[in-house]
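Go ahead and model the full structure; you've got the sequences and the hints to work with.
There are 2 protein chains.
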Amino acid sequence: MTLADTPDISVHRSHSAKRHSIIDAAASVFCREGFAGANIDLIAAEAGVSRQTVYNHHGDKENLLVAVVREITERMSAGVFETLATFPDKPVDLEAELVAFAVRLNQNCMCNRDGKFLRKLLQAEGSRYPELFAGWREHGPAKTWAALAARFARLAHAGWLEIDDPDVAARQFLALVNADLQMAMIFGDTLSEEQLRQAATNAVRTFLRAFGKARRNTT
Amino acid sequence: MTLADTPDISVHRSHSAKRHSIIDAAASVFCREGFAGANIDLIAAEAGVSRQTVYNHHGDKENLLVAVVREITERMSAGVFETLATFPDKPVDLEAELVAFAVRLNQNCMCNRDGKFLRKLLQAEGSRYPELFAGWREHGPAKTWAALAARFARLAHAGWLEIDDPDVAARQFLALVNADLQMAMIFGDTLSEEQLRQAATNAVRTFLRAFGKARRNTT
DNA sequence: ATATTTTTAGACAGACTTGTCCAAATCGTC
DNA sequence: GACGATTTGGACAAGTCTGTCTAAAAATAT
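So the sequences go chain by chain: A and B. Residue 62 in this note's numbering is what sits at position 70 of the first sequence, and the numbering runs on without skipping anything. Residue 76 in this note's numbering is what sits at position 84 of the second sequence, and the numbering runs on without skipping anything.
Among the hints, erroneous ones may be present.
Identical copies look the same in the list; a pair holds intra-copy or inter-copy alike.
[What the hints assert, rightly or not] Derived lysine to any residue pairs resembling SDA-like cross-links, with alpha carbons at most 25 angstroms apart:
| id | residue 1 | residue 2 |
| --- | --- | --- |
| 1 | K53 | D81 |
| 2 | K135 | E74 |
| 3 | K53 | R189 |
| 4 | K108 | G118 |
| 5 | K10 | A77 |
| 6 | K53 | A28 |
| 7 | K205 | D33 |
| 8 | K10 | K53 |
| 9 | K135 | S119 |
| 10 | K108 | R67 |
By construction, these hints were calculated from the structure, which means they are not laboratory data.
Set out below in structure tokens:
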């Protein structure tokens, strides 16, 4: 029995590898061309796989969309909570640490390939397949907001912030962080880290002017 | 010669009426189905017009998209500047007037049919027809931001606000106003006026906590 | 080395679109 | 009522796409 000889895995290794490669290619094509414009031959070619294999794995085109959305949603959710774990719970320099956190959030979640894909596909097909995205709707942003709100509430309790409604504050934090990026993201531009840092800096400065406890002397 | 007997107009009245009805129907269908999924027969039916008439007026499908985007962009731009004219230049109760302004902005521009259409179509096709939306990119948001920034700068000069960079403040104002609406808008829900008012209230409160000069006593 | 499963390439029918063409019908004007 | 322009409905070719089927090839397990 050699090293990689676990039957259950070795049998399905290429199988699941192809599965992944199909989902990745499908995500890319769906995102680029939209659901109606997406071509299964193109997806197969881009995945390095024959068309029949795509049908073997996921059956329908609609079914493929479901699988893709499920996959990307999971991946993105994992990224979000991984990043949320780096929230500055015991800050030394709150402003700098919030800026760094915002940059991480944008780089790892909102502005990467998965984030762009979900945003685009949700807006395009959300109303056509409501049941598909209903899960995301509450498992995605709602949980993110709640988790972020809890972090801000703790900071407020520890005397760093002065917040009436942590949920509103969390939503506004995210809105401010994205304020300067909306335009670029809509057009699918890739954002330089410098842009992300600038946007985060502006956002955190305003956020702390509104919610920070240690008011700066207004010269 | 009767009243409405200007030949140039009466001849083209039904003509241009059909033109408009086609563009409206096309906007609706493009928005619902995406460009690739949009069906010219459906557009014609929804416009109450034969397919041939659609081709007579706009030629290509791509050409039709161009016409639709141009029309909607113009209409939206007009709405934005109309609403910008109601900005509280000489406020009595700044907070209340900014809330009312924000509600107007959302109702007349960002959240109506045209706003939703442009957002959706831009995200879906923006990268495929960059030249089409390049104009909008600077004529739309950039001009809006600049105009709004000028208003805020004037309020700051008059002693109502304390703003370092009016451009950033304007973008952040709009971002805050949309903070609570993102989710609903992505799914195409229609927003009640109550929701709009609540969102605007939250936004303006935070905005004024950050930029208002008369700091509230922090009990 | 052989048996079993997966993958492949290609053909295929069925359906759907786009864009054009044309003769008949409709509309507004004189 | 007759004329000219626009509109209509339907037919049409050419193309694309989905989803299925088949037999051959490749990969994997025994």
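Hint check:
no., hint, result
1, K53 x D81, "neither (45 angstroms within a copy, 55 angstroms between copies)"
2, K135 x E74, "within (13 angstroms within a copy, 38 angstroms between copies)"
3, K53 x R189, "neither (39 angstroms within a copy, 41 angstroms between copies)"
4, K108 x G118, "both (14 angstroms within a copy, 13 angstroms between copies)"
5, K10 x A77, "neither (32 angstroms within a copy, 57 angstroms between copies)"
6, K53 x A28, "both (10 angstroms within a copy, 16 angstroms between copies)"
7, K205 x D33, "neither (58 angstroms within a copy, 61 angstroms between copies)"
8, K10 x K53, "within (17 angstroms within a copy, 37 angstroms between copies)"
9, K135 x S119, "within (21 angstroms within a copy, 31 angstroms between copies)"
10, K108 x R67, "within (13 angstroms within a copy, 28 angstroms between copies)"
In the structure shown, a violation is registered for the earlier hints numbered 1, 3, 5 and 7, in ascending order.
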